[in-house]
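Enquirer: Got chain A sorted already, so can you dock chain B onto it with the hints?
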Amino acid sequence: MDEFERRLRADAERIHVETPDTLYKRVDAAIEAARAEPQHRSRLPIRLWRTVLIGGAAAMLVVALMDWRSTDTAILPPDATVRTVPEAVPVEQTEFDLQAQPVVLTEPLEEELERLKSDLQKAREGVAEDLRGSF
Amino acid sequence: MTPDEQLVSASLAGDEAAFAALVVRYRDRLYRFLMTRAVSPADADDALQDTFVNAYRYLATYNPRWRFSTWIYRIAIRCSSRSRPVTVREEEWVDETSDPLVACIEHSSRENLWLTARDTLTADAFTALWLRYSEDLSIKDVARSMERSQPWVKVTLMRARKRLQAKLGVDDDMSQKGKVYG
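So the protein lines, in turn, are chains A and B. Under our numbering, the first residue of the first sequence is numbered 1, with each subsequent residue one higher. Under our numbering, the first residue of the second sequence is numbered 136, with each subsequent residue one higher.
Bound conformation, chain B alone:
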């Protein structure tokens, strides 16, 4: 597989197919990421389009010292932040079908931890957690994508994990009590 940086160079040299290859490589990943942040599928669609258009327009400013994924995630975060204000809490969803993230999750006996994370954490904490544990970005790359410092990322991830673990602990206790008292 051609490295991203090579495709970027080819694209800057005028090779349209090279940029198209980058789009194909990143569109599903970015769309999945944007769905976790969007209020509706239409918002995610708009953010995805804006991300690739801005990536194309500002491709000349891409610094090869960064990983391309870090750079394009930074653009995606900015585009999705413009289209919606803050985290939408569970009570704001009209029903499950209107929640773009719920619609993407395969059915299981227990709730997907990312739904809990989205309803429990701030938008920034959720984003840091997603980039680290779903997209496998390093702490440094998460910091660059989110335009934050590395210590901020570390502390945010630590606090996010503790909050989620505490929430899971509370939920487990309540479900155990339900079993005991019927």
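Just chain A, with the same shape it has in the complex:
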């Protein structure tokens, strides 16, 4: 613990607060009123119930959509013939000459990249040093 921390703690000890009796009674009465509320103490907060309901509705919507798409088959009349897809015709595999060349960074760009890496490393070291020094 350093001097600054000691001073913070010592000064906190010099702050004295006593809860007045009237406030004690007020808090007790408010808790008593909350106790008397009918069914107010739900097991889950309202936020969670809302999330559960929205999630459930979204899940049902997705299931309904998937179900609708999967039943997208045509109902054919009895006399209709069903055409089959012909077998795929084999395609000759040819070699393509891509004529691609590797990208060569020019010197200024390389230098800029090195400078950025160095800045990033220094920033990381600075933050790590600050955090080590504080805690």
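In case anyone wonders, no lab produced these hints; they're calculated from the structure. Just so you know, not all the hints are guaranteed correct.
[Unchecked claim] Listed next, the in silico DSBU-like pairs over lysine-lysine satisfying Cα-Cα at most 30 Å (straight line):
| id | chain 1 | residue 1 | chain 2 | residue 2 |
| --- | --- | --- | --- | --- |
| 1 | A | K122 | B | K275 |
| 2 | B | K275 | B | K302 |
| 3 | A | K117 | B | K297 |
| 4 | A | K122 | B | K289 |
| 5 | B | K297 | B | K275 |
| 6 | A | K25 | B | K275 |
| 7 | A | K117 | B | K302 |
| 8 | B | K297 | A | K122 |
| 9 | B | K275 | B | K289 |
| 10 | B | K289 | B | K302 |
Expert: For chain B alone, kept in the frame of chain A given last:
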């Protein structure tokens, strides 16, 4: 002393005395904390009442993996944030008697560092500093109470200390100059 978690379980089982024991255990600490954030004692009173009522109402959602103090401080922070907007600066106090924090500080030859902190730092930075150095919460518990990440808490505390130390350095220089030039 019965652990907080045991009192919570008993309270959830219907033991009213168990919750009353939790209230007695935390009311002075919470009230002191709320006084540092309140514009007036009435605001602190309202926030304290709201804190305990909400703690009672949502006790079933308390997760024993947390420390109870962390959980109830989180409720207190939310309740006090609702009752006032942002940090009130020194120039806004009408006089010392209207400042609830000044009224609680015992007299001393030098200004209490927490008054300087309240006037220098943002509300969040002050809260982090108070929870860490006055309430002795760990970094993890401060982060949970304030609903922030641990790195945020660490960086905020570091910056708060530097700002306060810089401010104290400036004030010390000025008081030294006053001594030299009368």
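Enquirer: Each hint should be assessed against the structure and marked as holding or not.
Expert: Now the hints, each set against the structure:
{"no.": "1", "hint": "A/K122 <-> B/K275", "in the structure": "holds, 27 Å"}
{"no.": "2", "hint": "B/K275 <-> B/K302", "in the structure": "holds, 28 Å"}
{"no.": "3", "hint": "A/K117 <-> B/K297", "in the structure": "holds, 28 Å"}
{"no.": "4", "hint": "A/K122 <-> B/K289", "in the structure": "holds, 19 Å"}
{"no.": "5", "hint": "B/K297 <-> B/K275", "in the structure": "holds, 21 Å"}
{"no.": "6", "hint": "A/K25 <-> B/K275", "in the structure": "violated, 34 Å"}
{"no.": "7", "hint": "A/K117 <-> B/K302", "in the structure": "violated, 35 Å"}
{"no.": "8", "hint": "B/K297 <-> A/K122", "in the structure": "holds, 21 Å"}
{"no.": "9", "hint": "B/K275 <-> B/K289", "in the structure": "holds, 10 Å"}
{"no.": "10", "hint": "B/K289 <-> B/K302", "in the structure": "holds, 20 Å"}
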